[in-house]
Structure formats: structure tokens, C-alpha cells
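Modelling step: build the complete structure from the supplied sequences, incorporating the hints.
Residue-level listing of the chains:
There are 2 protein chains.
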Amino acid sequence: MTAKAFQDYYPDDLSYCYGCGRLNEHGLQLKSTWDGDETVATFTPQPRHMAIPGYVYGGLIASLMDCHGTGTASAASYRLEGREMGTEPPLRFVTASLQVDYLRPTPLGVALEVRGVVEEITGRKVIVATTVSAGGETCARGRVVAVRMPENMVPPSQA
Amino acid sequence: MTAKAFQDYYPDDLSYCYGCGRLNEHGLQLKSTWDGDETVATFTPQPRHMAIPGYVYGGLIASLMDCHGTGTASAASYRLEGREMGTEPPLRFVTASLQVDYLRPTPLGVALEVRGVVEEITGRKVIVATTVSAGGETCARGRVVAVRMPENMVPPSQA
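Those protein sequences? They're chains H and E, same order as listed.
If you count the first sequence from 1, position 59 lands on 59 in our numbering, and the numbers rise without skipping.
If you count the second sequence from 1, position 72 lands on 72 in our numbering, and the numbers rise without skipping.
Simulated from the structure, these hints should not be mistaken for laboratory data.
Where a beta carbon is used, it is the ideal one built from N, C-alpha and C, also for glycine.
Treat the hints with caution; some may be incorrect.
Stated by the list, open to error - FRET-style restraints, in silico, Cβ to Cβ:
hint, chain 1, residue 1, chain 2, residue 2, range
1, H, K4, E, P11, 25 to 31 Å
2, E, E88, H, L80, 54 to 60 Å
3, E, T138, H, E119, 26 to 32 Å
4, E, E88, H, G86, 28 to 34 Å
5, H, L80, E, G82, 53 to 59 Å
What the hints assert, rightly or not - Chain E residues, not near chain H, derived (Cβ > 12 Å throughout):
hint, residue
6, A3
7, G86
8, E88
9, V117
10, R124
Right under this line is the structure:
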């Protein structure tokens, strides 16, 4: 049995994100799940996602961390409240800030593992430490500060 | 007359970056130029680049800052040396770290202006402060630490 990803619980109106929306046919469709107390996602970049021959462009790494971070923030908030994801009221997050340190070139053509660890979770803010690794080697480290989605961003059907 | 963009001077082998490579037909093809002592690029996201309805996804903002930052680092280094871009030996940069603060939701459907200011330029490292704005309003602020491309990343034909 494959665990349902965090993003699979997002309501349809919030599932068009280029990075992680399951309904964005042009997007990356990142899928994040729990792995014990950490979160994990796997993504294999396409040849087009090149920086220079053989390596992944930095914006993709940032995108993976961003969407994995907000997904982790949401999942961790449900878990903290002892609730199943997808139950009402929804706990939706957006990114307030993103920090990425590129430690080494990220090879293109292999599966990348994105990991998240909740560093801090306080009310409306969740801080998630993230890594992106290839073949067991950490290529980038990051930190996502996720905050609850402002009410004025919520689509009318989800308000 | 339209000024040639920084990225138009990149050698062919280094022009396939998803964010700014002029030869990546699937990519964003960002074009950065000088505007006095600042650098500027304009980019209009496509509908697919959505985070949620009406707003741009954060990974795109990060990508624009990243590529504008490394382009600015290269251009500023040539300028510091009093050389025209594209002259030998080449000055190529990659991103060591990227910080993005998302100040407000970035609207989708309008042209975004990416700006860069060199904060520090010392030998192999250039720090570029960046903003992304829409309709004159700053939506995100960032900082790119760019470093000279490691020799082992340089494609053989450009070594």
C-alpha cells in the first residue's frame, strides 16, 4: 500500500501549484509523505531542468524545498492537533522565507531525495529544515519558514 | 536599439540553464541587463506558474532571483575588470546560497521586474541583493551569494 501524499489531501482549488499541485499537468507534482518523524519526497528532474550539462538548476532545488516545506508544515500541524490531513478546518501554509545553501553540484539524471525536519512549530508558523540529496550525498541544505495562508489568499470556494 | 542581455554572452555550452539559457526551449530564458549601477530583468509568468489561483509559485521567484543573481555577478565582474562581457578568459558564476523573503503574494498575469544590486564583490565571490516587484510594489526580497564556477563543472569544450 502506498501512503497518500500530503499534497493529495489539498483541496482541488489549492492543487494547481506548479511545484506540487496534483492538478497542474505542466508542473512538478511533488509528493511528500511521513517517514517516521521526518518527511520525504522523491523527484527525478527532467533533462530540461539543467543548469549546465550534467547538473540540476538551482531554482528547481529551491522549488522542491519550498513545496516540501509547506507540505511538511501542513502535515505537522495536523499531526500536532491529532487530526487526519484533509479534515476541517483546513491548515494551509505559504512560504514566508526560504534559504538554500548549495553544497555541491546536484547531478542530473538520478532521483533526488528531499527531506524535511520540523525545527519549530508555533501557532501560525512552522520552520522546516530541508535537504536535497542524490545517491546518499547531500547536495543542498535549506530552511523554509512557513506561515498560515492569509485569509485573503484563500480561494472563495475554500473560505 | 535593445541592449544585449548578459545571458546572450554565455557560451553555447552554458546556455541550456532552465532559468536563463537562451538555448533551453522549455526554460524561462531570463534576460538581464544593466540599468545604471543596478541590473534588471522582466519576466511575465505563464498561468502554469501558479501557486494558488491568482498568485505566482514561490519556486519561480527563487529561480528568477537565482539566475538574475549569477548573471549580475558575471556582468559585475567583467565591469570591475574593465572588460566587455564575452571576452576571454570567461567569468562564470554559480550560486552558493540563496535567501528569499516573500513579502506579499506575487500576482499572476502581470510582468514582474527583477532587480539586482551588487552588495559585495571580492575575487571569486559576489553578493547580489535582489527584488521582485509587480506594478511597482516589491513582492519579494532576496540575496544571492554567487561564486566562480568550479573548474570541474566547466564543460570540456569551455575549459
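* Go through the numbered hints given earlier and state which of them the structure violates, listing their numbers in rising order. => Violated: hints 1 and 4.
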